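Colleague: Next come the chains, spelled out residue by residue.
Protein chains: 2
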Amino acid sequence: MENNREIPYKIYLEEHEMPRQWYNVRADMKKKPAPLLNPQTMQPITAEELEGVFCKELVKQELDENTAYIDIPEEILSFYKMYRPSPLVRAYCLEKKLGTPAKIYYKFEGNNTSGSHKLNSAIAQAYYAKQQGLKGVTTETGAGQWGTALSMACAYLDLDCQVYMVKVSYEQKPFRREVMRTYGASVTPSPSEKTEVGRRIREEFPGTNGSLGCAISEAVEAATTQEDYRYVLGSVLSQVLLHQSVIGLEAKAAMDKYGIKPDVIIGCAGGGSNLGGLISPFMGEKLRGEADYRFIAVEPASCPSLTRGVYAYDYCDTGKVCPLQKMYTLGSGFMPSASHAGGLRYHGMSSTLSELYDQGLMEAVSVEQTSVFSAAQEFARVEGILPAPESSHAIKVAIDEAIRCKETGEEKTILFGLTGTGYFDMYAYQRFNDGEMGDYIPTDEEIAAAVAKLPKI
Amino acid sequence: MENNREIPYKIYLEEHEMPRQWYNVRADMKKKPAPLLNPQTMQPITAEELEGVFCKELVKQELDENTAYIDIPEEILSFYKMYRPSPLVRAYCLEKKLGTPAKIYYKFEGNNTSGSHKLNSAIAQAYYAKQQGLKGVTTETGAGQWGTALSMACAYLDLDCQVYMVKVSYEQKPFRREVMRTYGASVTPSPSEKTEVGRRIREEFPGTNGSLGCAISEAVEAATTQEDYRYVLGSVLSQVLLHQSVIGLEAKAAMDKYGIKPDVIIGCAGGGSNLGGLISPFMGEKLRGEADYRFIAVEPASCPSLTRGVYAYDYCDTGKVCPLQKMYTLGSGFMPSASHAGGLRYHGMSSTLSELYDQGLMEAVSVEQTSVFSAAQEFARVEGILPAPESSHAIKVAIDEAIRCKETGEEKTILFGLTGTGYFDMYAYQRFNDGEMGDYIPTDEEIAAAVAKLPKI
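Taken in order, these protein sequences are the chains called A and B.
Each residue of the first sequence is one higher than the one before, starting from 14 at the first, in our numbering.
Each residue of the second sequence is one higher than the one before, starting from 14 at the first, in our numbering.
Just so you know, the hints here were simulated from the structure itself, not pulled from any lab data.
Hints should not be assumed to be uniformly reliable.
[Unchecked claim] Restricting the straight-line Cα-Cα distance to at most 20 Å, the calculated cross-link-like pairs of lysine-lysine (PhoX-like) are:
no.: 1; chain 1: A; residue 1: Lys109; chain 2: B; residue 2: Lys109
no.: 2; chain 1: A; residue 1: Lys23; chain 2: A; residue 2: Lys143
no.: 3; chain 1: B; residue 1: Lys94; chain 2: A; residue 2: Lys109
no.: 4; chain 1: A; residue 1: Lys94; chain 2: B; residue 2: Lys143
no.: 5; chain 1: B; residue 1: Lys23; chain 2: A; residue 2: Lys94
no.: 6; chain 1: B; residue 1: Lys143; chain 2: A; residue 2: Lys110
no.: 7; chain 1: B; residue 1: Lys23; chain 2: A; residue 2: Lys23
no.: 8; chain 1: B; residue 1: Lys110; chain 2: A; residue 2: Lys143
no.: 9; chain 1: A; residue 1: Lys110; chain 2: B; residue 2: Lys94
no.: 10; chain 1: B; residue 1: Lys110; chain 2: A; residue 2: Lys94
no.: 11; chain 1: A; residue 1: Lys23; chain 2: B; residue 2: Lys143
no.: 12; chain 1: A; residue 1: Lys143; chain 2: B; residue 2: Lys109
[Said to hold, decoys possible] To be clear about the criterion: a stretch of chain B counts as covered by chain A if any three or more of its residues have a C-beta under 8 Å from a C-beta of chain A, and this derived list gives those stretches:
no.: 13; region: 190-197
no.: 14; region: 388-394
Keep in mind the model is a prediction, meaning the values are calculated, not measured.
Glycine residues also receive a C-beta, built at the ideal position from the N, C-alpha and C atoms.
All chains, full assembly: derive it from the sequences and hints.
Modeller: Put into structure tokens, the structure is as follows:
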């Protein structure tokens with residue numbers, strides 16, 4: 014453990030060491046996340062009600078708070094082997110550059126064509142849709158990682174994939190769109206003429222650039238009005254955290270293999286899919302009193318749901334068609350600034366992570382984007398990986414922690430999640446390289462105004 | 014060997030199994046490649062003459078035909094550990110899709126930020142420049158992979174990196190440019206006002222889009238007119254094949270570990286860096302009579318130097334400032350069509366590969382780009398990796414071989430090089446997705462006209 018020379022730059026598990034079950038952290042929580050509410054009745058939603066929108070097996074996973082381990086189906090395990098195990102990397106070069114006594118590790122999820130961890134849940138959701146005999150799935154995408162991941166999963170399983178892509182992204186990120194098309198997905202700029210809600214929004218707001226909330230509404234309508242289609246979502250939901258637990262399970266297995274115990278675990282947090290997945294098995298140990306860890310959620314200062322939001326029931330989408338959940342939220346009407354970390358521009362947070370945070374089991378910090386891009390650049394130059402802006406939020410805080418160790422002389426072991434690569438984010442890097450990037454922090458008044466519109470429950 | 018179940022999807026060597034020496038295939042060639050010629054005297058060039066342009070140690074490697082194994086310096090080994098070993102992947106999903114009895118493997122070099130194998134030589138060339146106490150290096154880049162790789166290597170070693178990027182690429186691929194800038198390189202659109210040759214060309218051809226030949230000339234001028242700078246090149250040279258032998262050495266070690274022997278080894282060929290690196294150790298066995306393999310070089314039908322060129326002395330660059338080498342060439346004045354595989358648009362071929370081909374030790378085929386993109390798409394959908402257009406040339410021929418095995422029932426083992434990813438090539442994919450991609454095959458007359466202008470030696 015103390016002999017650094019024995020720890021390789023990258024730890025890859027053998028295939029037979031890969032997890033064969035997902036871990037459901039809710040099973041070890043004494044106080045569970047609050048139940049989802051039906052937006053019509055404001056009563057806890059039933060499985061039957063959810064099954065009109067989501068696949069049956071996924072509804073079961075969504076509502077299951079008690080089963081700790083769920084078998085990963087063989088076909089999903091095979092797909093995982095195409096791009097997993099992902100490496101656990103010892104950041105020797107970054108440590109040297111910082112001159113820190115800290116030991117820094119990162120779990121790198123970017124080595125697949127979707128460019129992020131999103132594929133872990135996309136293949137699971139597509140698999141259950143296929144198992145149910147469906148023709149296809151619908152979804153929305155903003156920045157494009159989730160849409161890309163779902164396209165890949167659907168191409169593999171020969172399932173139709175319909176993606177509603179926020180219009181401004183569709184136009185500004187034509188290459189993301191082309192990756193999805195190469196994988197056979199149909200990509201529609203939202204709002205579109207294809208759905209009733211899309212037509213209504215276009216009439217009401219001529220020339221609108223679209224929004225994630227609107228794209229969700231269109232995707233849900235498309236799923237519920239076509240026979241044998243269901244809607245799928247890439248974050249926030251408990252089922253997504255379940256699938257993403259594969260990140261944490263692999264990281265823990267790799268660390269256990271070399272006798273490494275992290276002191277602090279850091280992840281960026283938008284809807285919570287990556288952070289929830291990374292920390293799950295470690296949090297399980299903490300909940301069971303077997304070990305202690307510090308957990309830090311890193312969010313953008315421009316969209317600080319945990320650090321400046323309220324813990325309340327709220328709509329998950331702007332169109333208010335999805336179930337409500339109790340979460341840290343800035344209000345579903347909160348409009349985050351056009352920051353360059355599209356994957357973190359979500360008004361709320363996973364109900365599980367929200368509850369853990371509320372119980373004081375997890376910390377949260379917010380960071381500004383120019384400092385995030387500085388950290389990204391420093392990291393890229395010594396570690397050789399060009400990180401996604403979202404992932405770079407975790408890098409920023411990991412570097413801060415390592416510098417603190419340098420000051421105190423502590424040899425802490427830091428683990429952070431490097432969720433993806435920035436190959437499709439070069440416009441943001443260009444703004445940074447040209448010194449044209451700014452920061453935006455919402456005022457207390459702006460947040461108060463959005464929070465004031467929360468539903469009264 | 015026959016038990017497929019024992020072979021994992023991806024074979025990763027352990028760090029201690031990684032090669033610690035490069036292999037110089039020329040050492041095992043009875044008839045060596047013809048010597049480089051000085052463009053002024055047309056006599057074999059001396060080390061001293063080359064050292065004005067290239068680093069001393071690299072000149073030594075360039076001219077060394079007899080040392081079979083050369084130690085990889087420790088600092089380069091450390092850098093390799095950041096992104097190597099690269100996986101040897103068993104293409105189980107592709108085999109299943111094709112229904113072939115063939116066993117298909119590929120060595121995947123795309124899992125690093127440069128997106129290709131180019132980093133293997135970039136770090137070596139940057140390292141020797143640093144060792145020599147130089148301030149920086151200059152180079153040209155067309156598609157951008159080489160420039161990106163060199164930027165990464167220079168950032169790691171704190172060496173200045175000046176890239177002359179063909180103007181049309183600079184404008185059409187702003188994101189490639191931004192990756193290089195993020196790694197601290199200065200990127201100049203070529204032809205520029207910075208060099209004499211650049212100014213001359215701009216005067217002569219106002220509004221020109223630039224060309225690789227012109228960018229090389231500018232980079233060489235920049236290297237020779239600044240104190241403590243040298244010029245570096247990403248392909249064609251023997252030193253590059255030497256560094257790239259790490260691909261083949263790793264592939265062979267991984268295959269040996271599992272008792273796998275390839276029957277046929279396939280790689281795309283532009284200047285020859287990837288193909289030369291991949292086949293080197295296998296070719297060594299063939300040259301020494303220890304084993305037999307089929308080797309297939311795949312080139313674009315639009316730029317068919319091996320299959321339709323002549324074996325003769327030619328200039329390596331359009332500006333005629335670099336040494337001449339004997340190679341299969343279409344003539345340095347040959348203008349390949351604007352195909353989407355920028356990395357394969359080179360008029361000549363590595364002198365080592367040219368000599369091996371001339372001796373009948375290697376085969377070559379040319380393929381058209383629409384068939385290449387069809388293969389790329391088919392591959393991407395089942396193997397989950399979006400390949401670069403260059404790499405997809407090898408995929409196309411590997412699939413053809415596998416289909417032939419299906420027809421004959423042969424259980425051949427196929428190995429091909431997957432040199433990189435296509436994240437910065439989505440414009441090409443878009444053309445393909447939209448059905449707007451064409452093919453271009455030069456006429457015999459066009460080739461004859463270019464070949465007629467070869468220097469008389």
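Colleague: Determine for every hint whether it applies to the structure shown.
Modeller: Hints and how they fare:
1. A threshold of 20 Å between alpha carbons decides the hint, and for lysine 109 of chain A with lysine 109 of chain B the separation of about 46 Å lies outside it, so the pair is violated.
2. Restraint check for lysine 23 of chain A and lysine 143 of chain A: not satisfied, since their Cα atoms lie roughly 35 Å apart, outside the 20 Å limit.
3. The suggested pairing of lysine 94 of chain B with lysine 109 of chain A holds, with an alpha-carbon distance near 15 Å, which does not exceed 20 Å.
4. Using a Cα cut-off of 20 Å, the hinted pair lysine 94 of chain A and lysine 143 of chain B is violated, with the two alpha carbons roughly 40 Å apart.
5. At roughly 8 Å between alpha-carbon atoms, lysine 23 of chain B and lysine 94 of chain A fall within 20 Å of each other, so this suggested pair holds.
6. For the hint linking lysine 143 of chain B to lysine 110 of chain A, the alpha-carbon distance of about 18 Å falls within 20 Å, and the restraint holds.
7. Proposed proximity of lysine 23 of chain B and lysine 23 of chain A is supported: the alpha carbons are some 15 Å apart, at most 20 Å.
8. Of the pairs offered as hints, the one joining lysine 110 of chain B and lysine 143 of chain A holds, with about 18 Å between alpha carbons and a cut-off of 20 Å not exceeded.
9. For a cut-off of 20 Å, the pair hint linking lysine 110 of chain A to lysine 94 of chain B stands: about 17 Å separates their Cα positions.
10. Taking the CA atoms of lysine 110 of chain B and lysine 94 of chain A, the gap is about 17 Å. The hint holds against a cut of 20 Å.
11. At roughly 26 Å between alpha-carbon atoms, lysine 23 of chain A and lysine 143 of chain B are farther apart than 20 Å, so this suggested pair is violated.
12. With a C-alpha separation of about 19 Å, the suggested pairing of lysine 143 of chain A with lysine 109 of chain B holds against the 20 Å cut-off.
13. Given as covered by chain A, the region 190-197 of chain B passes the check, having 6 residues with a CB less than 8 Å from a CB of that chain where 3 are the minimum.
14. Coverage of a stretch by a chain is defined here by at least three residues with a beta carbon nearer than 8 Å to that chain's beta carbons; for the region 388-394 of chain B and chain A the count is 3, and the condition holds.
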